[in-house]
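Given chain D, work out where chain P should sit, using these hints.
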Amino acid sequence: MTSRTLPLFATIAIFLIAYLVCYLQFPAMLSTRVIGNLLTDNAYLGIVAVGMTVVILSGGIDLSVGSVIAFSGVFIAVMLRDTGLHPLVVFALLLAVTTAFGAFMGGLIHVLAMPPFIVTLAGMFLARGAGYMLSVESVPIQHPFYEVLKDAYYLMPGKGRLTLLGVAMLLSVAGGMILAHRTRFGTRVFAMGGGAQTAQLMGVPVGLTTVQIYAFSGFMAGLSGVAFSIYTASGYPLAMVGTELNAIAAVVIGGTILTGGAGYVFGTLIGVLTMGLIQTYIVFDGSLSSWWTKIVIGALLLMFILLQKGLLRLGTARAAA
Amino acid sequence: MPRVIQRVLPQLLTLAALMALVSVFFPDFLEITYSDGRLVGPVIDILKRGAPVALLAIGMTLVIATRGIDLSVGATMAICGACSAWAISAGYGLAGALGFAMLAGLAAGLWNGALVAVFGIQPIVATLILMTAGRGVAQLITEGRILTFNHEGLAFFGSGDILGVPMPTLIWVLLGVLVALLVRRTALGLLIEAIGINRRASTLAGINSRVLLIAVYMASGFCAAWAGIVATADIRGADANNSGLWLELDAILAVVIGGNSLLGGRFSIAASLLGAMIIQTIDTGILLAGFPSEFNLVIKAALVLVILVLQSPNLAPRFARIARRRRGTPAAGKLTTREAGE
Numbered sequence: 001m002t003s004r005t006l007p008l009f010a011t012i013a014i015f016l017i018a019y020l021v022c023y024l025q026f027p028a029m030l031s032t033r034v035i036g037n038l039l040t041d042n043a044y045l046g047i048v049a050v051g052m053t054v055v056i057l058s059g060g061i062d063l064s065v066g067s068v069i070a071f072s073g074v075f076i077a078v079m080l081r082d083t084g085l086h087p088l089v090v091f092a093l094l095l096a097v098t099t100a101f102g103a104f105m106g107g108l109i110h111v112l113a114m115p116p117f118i119v120t121l122a123g124m125f126l127a128r129g130a131g132y133m134l135s136v137e138s139v140p141i142q143h144p145f146y147e148v149l150k151d152a153y154y155l156m157p158g159k160g161r162l163t164l165l166g167v168a169m170l171l172s173v174a175g176g177m178i179l180a181h182r183t184r185f186g187t188r189v190f191a192m193g194g195g196a197q198t199a200q201l202m203g204v205p206v207g208l209t210t211v212q213i214y215a216f217s218g219f220m221a222g223l224s225g226v227a228f229s230i231y232t233a234s235g236y237p238l239a240m241v242g243t244e245l246n247a248i249a250a251v252v253i254g255g256t257i258l259t260g261g262a263g264y265v266f267g268t269l270i271g272v273l274t275m276g277l278i279q280t281y282i283v284f285d286g287s288l289s290s291w292w293t294k295i296v297i298g299a300l301l302l303m304f305i306l307l308q309k310g311l312l313r314l315g316t317a318r319a320a321a
Numbered sequence: 322m323p324r325v326i327q328r329v330l331p332q333l334l335t336l337a338a339l340m341a342l343v344s345v346f347f348p349d350f351l352e353i354t355y356s357d358g359r360l361v362g363p364v365i366d367i368l369k370r371g372a373p374v375a376l377l378a379i380g381m382t383l384v385i386a387t388r389g390i391d392l393s394v395g396a397t398m399a400i401c402g403a404c405s406a407w408a409i410s411a412g413y414g415l416a417g418a419l420g421f422a423m424l425a426g427l428a429a430g431l432w433n434g435a436l437v438a439v440f441g442i443q444p445i446v447a448t449l450i451l452m453t454a455g456r457g458v459a460q461l462i463t464e465g466r467i468l469t470f471n472h473e474g475l476a477f478f479g480s481g482d483i484l485g486v487p488m489p490t491l492i493w494v495l496l497g498v499l500v501a502l503l504v505r506r507t508a509l510g511l512l513i514e515a516i517g518i519n520r521r522a523s524t525l526a527g528i529n530s531r532v533l534l535i536a537v538y539m540a541s542g543f544c545a546a547w548a549g550i551v552a553t554a555d556i557r558g559a560d561a562n563n564s565g566l567w568l569e570l571d572a573i574l575a576v577v578i579g580g581n582s583l584l585g586g587r588f589s590i591a592a593s594l595l596g597a598m599i600i601q602t603i604d605t606g607i608l609l610a611g612f613p614s615e616f617n618l619v620i621k622a623a624l625v626l627v628i629l630v631l632q633s634p635n636l637a638p639r640f641a642r643i644a645r646r647r648r649g650t651p652a653a654g655k656l657t658t659r660e661a662g663e
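Protein chains in written order, with this note's numbering: chain D, 1 to 321; chain P, 322 to 663.
One chain only, chain D, in its complex shape (with noise of 0.2 Å):
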């Protein structure tokens, strides 16, 4: 075990250590349908957090993805409404919507050389204005491919059902894990989160690279919609305010750092359960209030990037001496 590979651990051991205390309290935890439902319920979290995690592995952030979810979802609902576009074509339309808006800002983030938070703020009101623009009210879907999607399940054993949506975020975050850890694209990701200056010296084309890292943030984020709105059957332009936040969250907690170039697709997955695990138990104690989910992510937040500091602090001391 390294000091690369700690976080990792720590993560998946405070997971696996929280569940096993859920257990103990509410051995119910345990059952598939608890599982099932975890995974389907943060679905579109645990799909945005995988783009999350390449820009920041990147060391550069993505604020707007929780207005493109929104807008995604209101875009759906309206081409559906308006449109006699078959469902299959609307999100083919809305992901290279969102992969070109993501683009877009990964452009501007490198021709202004402006810092990605304020670009991305920028990015943020766009989208959302645009959502507001298409409709301002919430919008349903009414259409029978919805219903199919909605119920389309795996019964695993225990009746806890393994939805489209939890079979799609897994199905992300692999991808990811492939994307970042295994192609040319992803070595690049870590050589600019190591230092953009140094990625061009070795020869990493810093610009391209910075449209591809945000348009797959993008793409993700519509993704990310396209489920939502599966998951709610409406669109919604005041919707996911602030998911932008819950997915950088899940990003630290699942074990990588913040300034970019060291991390795993597959801790942000753990991070999103871990999320998702302190909301389920909420709900099952039935006394604990909501407000509590909120404290208890900043306390894990805090603890995951003082893990991290210390870390790195060891690692320059023993490179010192």
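Just so you know, these hints were derived from the structure itself, not from any lab.
Beta carbons are placed, not taken as given, at the ideal position from N, Cα and C, and that holds for glycine.
Be aware that a few hints might be false.
What the hints assert, rightly or not - DEER-style ranges, computed between Cβ atoms:
1. D:G195 / P:E473: 55 to 63 Å
2. P:G481 / D:V89: 42 to 50 Å
3. D:G207 / P:A526: 51 to 59 Å
4. P:L584 / D:Y154: 50 to 58 Å
What the hints assert, rightly or not - Chain P side only, calculated, beta carbon under 8 Å to chain D, not exhaustive:
5. V439
6. Q443
7. T453
8. A454
9. V619
To be verified - Covered, in the sense of this in silico footprint (three residues per stretch, anywhere, with C-beta under 8 Å from a C-beta of chain P), are these stretches of chain D:
10. 18-27
11. 106-112
12. 132-143
13. 150-162
14. 241-250
Below, chain P alone, put in the same frame as chain D:
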């Protein structure tokens, strides 16, 4: 032209242009009447409604000048508002309410500052923790309800007025002037800028950057406390869920519109305050002009994009070169002296 005016000239021009634009759609925009002992009119309304963002922008300017960012101000606002409402209902009186709120704000700033300056965590991450947890803490104080109170003294800070001027306006102007004097009449402002430009170098030059950074974040928390007091007093209740929600982004936007670089260094509090007023003028103007409010966010996004292009380190030298060529003066020497003097 005095240097201060020259610095805020772009913001003043933008504000004037916006006001002229709104007046075209809503002719009574600039009208101010005096009725029932108070000034009434859209402009006064903007000065009052813009108070929370203006207050947050004061602290945010200082934080951004140190090359930091404070994402937690919205949550801090909610905590401080909850504290003041709780103190009033628990019978601590007005002094207690204000005192608790300010203490909570300073404590939040101390927390952020310690994480940034002592533990060396990136500001955006360090303040993210309080942003996530802070609203939970505020809900803990109000026990999830909207904590209402009936106390004229505290409500005065939200809806009262002195000599016809609304109290929130007085508070942000007064705090802005005080902080500006504090940083500009002493060396503090210079030291803050030094940290923003290069923390290591300024530490080596003998600046106690650790203490100063903590102080800057505490100042931001203090400003957030007053924003929380104003917001809570205005509705006579502490709403832990919605008080200050997403105002941190507006405050950052105000600072950026004020022409302050997110990369730290030189700052102007007056320009940030004008930035806050520009945002509020857009908000109010869109409503008055009869446009649907959904345009608001798109206009804000466009505004940010324009400012980004103007501030971009890649493009700014090119603009300067074009301007120089157009002026047709061999201004190289002149420009460098002016840049050095700025």
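Results of checking the hints against the structure:
1. D:G195 / P:E473: 55 to 63 Å: With a Cβ separation near 58 Å, D:G195 and P:E473 satisfy 55 to 63 Å, so the hint holds.
2. P:G481 / D:V89: 42 to 50 Å: Violated, since P:G481 and D:V89 (Cβ atoms, about 58 Å apart) do not stay within the stated range.
3. D:G207 / P:A526: 51 to 59 Å: violated (36 Å)
4. P:L584 / D:Y154: 50 to 58 Å: holds (51 Å)
5. V439: Where the cut-off is 8 Å and the nearest Cβ of chain D is about 11 Å from P:V439, the hint is violated.
6. Q443: Holds. Min distance 6 Å.
7. T453: holds (5 Å)
8. A454: Given a least distance of 2 Å, the restraint on P:A454 holds.
9. V619: holds (4 Å)
10. 18-27: Result for this restraint: violated, n = 0.
11. 106-112: holds (count 3)
12. 132-143: Per the Cβ count (3), the hint holds.
13. 150-162: Violated, because only 0 residues of the segment 150-162 of chain D bring their Cβ atoms closer than 8 Å to Cβ atoms of chain P.
14. 241-250: holds (count 4)
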